[in-house]
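A.B. asks: Take a look at the letters that make up each chain.
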Amino acid sequence: MAKRIFITGIGVISAIGKNTSETLSSIKTASSGVGEIQYLQTVHKGKLPLCEVKYDNQQLCELANIDPKTRITRTSLLGIIAAQEAWRSAGSPVLGDGRTGVFSGNTVGGMDKTEHFYADFMQDAQSGDIKTMLTHECAESTERIADSLGATGMVSTISTACSSAANTIMLGARMIKHGLLDRAIVGGVDALTKFTVNGFNVLQILDDQYSQPFDENRRGLNLGEGAGFIVLEAEGIAKEEHILAELVGYANSNDAYHQTASSPDGTGAFLAMQGALKVAEIEPSQIDYVNVHGTGTANNDLSEGFAMQRLFGENMPKFSSTKAFTGHTLGASGGVEAVLSVLALQHKIIYPNLRFKTPIEALGGTMIPETALLENQDLTYVLSNSFGFGGNTSSLVFKAYK
Amino acid sequence: MKKNIYINGLGNISPQETFYKTMGEEVVEAEGAFFACQEPNYKEFIQKKLLRRMSRIIKMGLATAQKALVDANHPPLDAIISGTAWGCVKDTEKFLETILENNEEYLTPTAFVQSTHNTVAGQIALLHHDNCYNMSYVQGYVSFESALIDAMLLFYDNKAKNILVNGIDEQTEKLGILLERLQCANAETAVMGEGAACLILGAEKTPNTYAQLAGASMLYRPKNKASIQQCLEQILQEANLKLEDIDVVLTGNQDQSLEMALFPEAAFSNYKKLCGEYPTSTAFATAIAAQLLKGDSWTKTALGINKKKVQHLLIYNNHQEVNHSIIVLSKVAQ
Amino acid sequence: MEELIEKLKVQIIKQLNLEDVEPNEIDPEKMLFDADNELGLDSIDALELIVLLDKEYGIKVKSQEEGKSIFQSLVTMAEYILEHQK
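If you're matching them up, the sequences are chains H, Z and R in order. Our numbering numbers the first residue of the first sequence as 50 and each following residue consecutively. Our numbering numbers the first residue of the second sequence as 45 and each following residue consecutively. Our numbering numbers the first residue of the third sequence as 3 and each following residue consecutively.
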């Protein structure tokens, strides 16, 4: 009999708060994290809004309890803060026995530091603080997180663009199922960089106003930054008092349509959702809420909407995109939204899809997300979607622990 | 539950002549601190109109995937899993340089789009219209091992019959400068390499089967040598093997005291003399080990192994006492 | 106009990295993004052409939708440039 996988800890930092309680209160007061650029040094300041974590690196060092003189990337700092919160909320288990895995996802690793170094390097190949490059690789922040927790089990990093964190959650669950680990700290992190902001900008999928996911008049996405981690523990290892929810379904698929765009019929998204339901052994009608990928780009929302119509038919569950609050946190988004999914189950709430006005006509005008905070909801199953470049599509199913 | 897993197809681009042949008749040696791949004529494998956009690593990744699939007689894939530490370095450099040179203007979308670490795995899916599980691991020197372990879990889950797994990393001129400044690359002591090696793993033996993948494991900051030994013993035990069953050890390490002490009877060879040092070099080692177990004498010669009978082989790489990788392969009776 | 079209051919080959294409092989009247066009261009190429217009001619194209009509053929592209160049 396969072991059940429980979620015993959650931690998050994003534009709407430095921990879960701030995040929850921002959502309850409908306070979005999007705003004018304050921290990132870019020519787009004043023109493109972003969802920045509202602390500079020095302040993040204080939050992470790290000497500000340390050579450390913003990516690692955000990751450590969220992973530490998740670990504490799981009752601070001892992690040094080799039975705890640390799996994290990100897209550009320590690029926030690399791009500073590279400016010097381009002037003169022998200049710049070369040790910066030791913090460049995607794996570096994961190892810093593992070290900050003292974990010595399996450590690995996934980079599948914007579904990275969702995929680490799936990996952790599968490792535990097979008895390779008792516990895993899983999620993802990404810091805003000039590299990503300019990349998305040149693809013309950024909104120069505040984004409107799933709206007929959506113009694109707002980029965000942050980290979200959850602690998974095997049945028998998890302590009853720390169990917040259960992870029951997960699947990954590939859209195999285009390097950056989603297929018009949402094949990958459909297969991921269907696969996750199959692992959870539930029917589509049992899903009570979908935390959609919902970036706010013309392409994603249409494709995801089609896939949902195909899966749910007439019985569309309640759904919303929380990216209007947090922005699209890229490699972190699956982690941030996993935390939000667990919070939804714990607090019996459904999040508003901020700024939604008009349903998408091409979806029949019937796909209307929740626009106000719903409380006292009887939620059992929550589905969370994360899709990324390279056609990568992942879905997770969380179940209330009652 | 645990299952037999076979290596049924191979594609290997390396500094040696491993793409068109199993191994070149003459071993190529590195000149200076870098060891570059011998690349095939990509036009044989990739459509011209697609080729124009691809950086070297994407071409290497796709050509080796194609070669491995043909070699394995085109099984339908249930998963595509990539391991790469450095990712698409050239496209990343190109996009970063234009941002800095042009002050965030006139940027090229192609470089950005192809800079993501999952480009190769995504492109393989795209070329073969394959909607299956698609994953990319970027865990430094155990990126390939992460991919292998993921694949093994999929087999154990009965979720897969055939899986493509690769280990790919490219060198660039700029990366070379950085590695020299970081004192990672050095003509005398540390020749940096690159490569793309692709395996088709299958749950069933085929007439083309090279070897059995008997086990794989990775360790992060093990406390001491005893914990490495414990891990080695455990992985062998799970494969119903004892320490003395290992006939050949392919090591990536300069200090070989640990493996020498554990496997006194085994033949040793440092595979990095053939491919140089790079994060997914164990993928190269796995590919040539599979060739060796299938009886390829050129590979044996290139590795300098005299042992007649090779039944079980172990690959061990220890990167700076942080990331340890262990892979065990066994000969398959045809 | 002729001269501009010839110049555009060279610039497009460079921007889109059309390695094996000679300028005289591009038909100025032919639909650039048509499925049967042997150049095999796609939406990422369209974005590259938007960058080309910005970089070489100082013309900003705000969306891919707008790009669609401009990049129908080399002729429409040249006409657009002549009309919008400062």
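Note that these hints are calculated values from the structure, not bench results. Check the hints yourself; a few may be wrong.
[Claimed, not checked] Straight line, CA to CA, 20 angstroms or less: simulated SDA-like cross-link-like pairs of lysine to any residue:
hint : chain 1 : residue 1 : chain 2 : residue 2
1    : R       : Lys70     : H       : Lys94
2    : R       : Lys32     : R       : Lys57
3    : Z       : Lys92     : R       : Leu41
4    : Z       : Lys93     : R       : Lys57
5    : R       : Lys57     : R       : Leu84
6    : R       : Lys57     : Z       : Glu145
7    : Z       : Lys353    : Z       : Glu365
8    : Z       : Lys203    : H       : Arg53
9    : H       : Lys180    : Z       : Lys92
10   : R       : Lys70     : H       : Asn348
11   : Z       : Lys218    : H       : Ser141
12   : Z       : Lys267    : H       : Asp178
13   : Z       : Lys269    : H       : Asp146
14   : Z       : Lys269    : H       : Gly199
15   : Z       : Lys267    : H       : Asp196
16   : Z       : Lys92     : R       : Lys16
17   : H       : Lys94     : Z       : Lys93
18   : Z       : Lys92     : R       : Leu84
19   : Z       : Lys87     : R       : Ile7
20   : H       : Lys180    : Z       : Lys218
21   : Z       : Lys87     : R       : Leu84
22   : Z       : Lys93     : R       : Lys11
23   : H       : Lys180    : Z       : Gly220
[As the list claims (entries may be wrong)] Partner residues aside, some chain R positions facing chain Z, computed with beta carbon under 8 angstroms:
hint : residue
24   : Val12
25   : Glu21
26   : Asn26
27   : Glu27
28   : Met33
29   : Asp36
30   : Gly42
31   : Asp56
32   : Ile61
33   : Lys64
34   : Ile83
[Unchecked claim] Over the 12 angstroms line for every Cβ pair with chain Z, so calculated as not near, a few chain R residues:
hint : residue
35   : Lys57
36   : Ser71
37   : Thr78
Cβ coordinates follow ideal geometry from the N, Cα and C atoms, glycine included.
A.B. asks: What hints, given by number in increasing order, does this structure fail?
C.D. replies: 1, 2, 4, 7, 9, 11, 12, 17, 18, 19, 21, 24, 26, 27, 28, 29, 32, 33, 34 and 35
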